[in-house]
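Q: What follows is each chain in one-letter form.
Number of protein chains: 2
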Amino acid sequence: MNLIKLLQERRDLIDKALNRILPKESAKPGKLHKAMRYSVFSGGKRIRPVLVIESCLCCGGAVNDAIDAACAIELVHTFSLIHDDLPGMDDDNYRRGKLACHRKFDEATAILAGDALLTLAFEVLARGRAPGAEIKLIRELAASIGSLGIAGGQYVDIEYTGRKKDAKILNYINEHKTGMLIKASLKMGALASGAASGRVKALETFGRYTGEAFQIVDDILDGGDSVKVFGKKDALNKARLLTSKANAALDIFKDKADELKTISDYLIKRRF
Amino acid sequence: MNLIKLLQERRDLIDKALNRILPKESAKPGKLHKAMRYSVFSGGKRIRPVLVIESCLCCGGAVNDAIDAACAIELVHTFSLIHDDLPGMDDDNYRRGKLACHRKFDEATAILAGDALLTLAFEVLARGRAPGAEIKLIRELAASIGSLGIAGGQYVDIEYTGRKKDAKILNYINEHKTGMLIKASLKMGALASGAASGRVKALETFGRYTGEAFQIVDDILDGGDSVKVFGKKDALNKARLLTSKANAALDIFKDKADELKTISDYLIKRRF
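Protein chains in written order, with the numbering used here: chain A, 1 to 272; chain B, 1 to 272.
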């Protein structure tokens, strides 16, 4: 199947599910729900939830097995962007060409919208559509976003604002801020399918390398830290090598992994 | 048993468990873990986790069945205080006579410490010490703290800052900001014990009334909204009536509920 068409189909499905999951603006407090919806539906590419679904399919699961986990990952991604943009954090006024949540609404609303989206992610996973896998999914998500995951990565990133980062620090930040949620996306897709541990492990490995490559390409596109530390050419070569390693980890799935490999190739060729 | 001694014993147990659960300062990023620990160990009375434990015991469970849920509730309580105190929210410099997290450290650290504590609460519940009850516990906690729970209550509270609140708005804020987490404490203790639904329901009812009474007494002690809306005398009478209703809901437990009744009586007599 054509990749762009596949991604579009998945995105529509994910957006419909997110729309069902998020409280309506008619539910009290309406403005808080409006802010949550504003940030969730503000043009995200839905790469992470697509990875959750493809990972589940690659293991022989169905789209429906993965949809809650896919939404949970996107809710967490949105929460982390809202909090990262706050004046006390990175102080960004814009996100994806639109006003950041705290600028469109206000700071208190943005803090609470983030808190509520984070909470909703766990609520969705506990809803009972993946019995048996639920607790494993919740454990994986929590481990990826706490102080030893995303929050830790964001902390060290802010700690080093305006200071020179060496390769070790940069790797720590990239792994925690970006890599762990991408790795979790792959692992959770596999867990939602009920896959055996060898397969879960393979997808985790794919996720680890893909996440690292993804961050490097992001940095190349917006002049970020990887370019400063490694230089543009070496950074791109590194991303290519990581993608080969990622795809090699999926050999055990044979042609079932074709979509995932196409996506990881696409992620280093993208121009946005 | 003497109530003060009982509370002290429970508190010691809870503090030890929290100390085990929280990442050490030696784990990276150390300063983030320091901030999380600073706020968790800053003199909280541990009323909510004590209620979790007593509710579990009242249903015939053991302290060990309830300790993870008790810690999760206290982690969530601490997260909500840290975020409430932020400059973009209530802008409080002090909490329990000590510097608020964002003043002791900085704003970014406080936001991330709160996010990480919230996440840790779910991680603790998913650790697998209450098999069977885990998913129910996670559902209950998530429902109490999202946009239809604590975050919603805090949102409306900020929305009405400096504006006159009528009884309806005040009830909404009190129920969501304070009541729901106290109700969740009682319900989660019962769920952790594996109690039948009638018993869970009774403890939920006790929690709802006790939570309402607790907030009114808080307002009486610090001149809060309940006093402004109802007057001090009527507010105190209301708190007493709510406590009677709370205790009446526990009649089915006979003398097994003595500790909980003593605690609810104590909560309206307290002077701090």
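Some clues are possibly wrong.
Since the list gives no way to pick one copy over another, a pair counts as held whenever it fits inside one copy or between any two copies.
Capping the alpha-carbon separation at 30 Å, the derived lysine-lysine pairs in DSS-like fashion look like this [as the list claims (entries may be wrong)]: (1) 256 x 168; (2) 269 x 16; (3) 31 x 254; (4) 254 x 168; (5) 24 x 45; (6) 232 x 168; (7) 256 x 98; (8) 104 x 233.
For the record, the hints were derived by calculation from the structure and aren't laboratory data.
Q: Determine which of the earlier numbered hints do not hold for this structure and return their numbers in increasing order.
A: The structure breaks hints 1, 3, 4, 7, 8; every other hint is satisfied.
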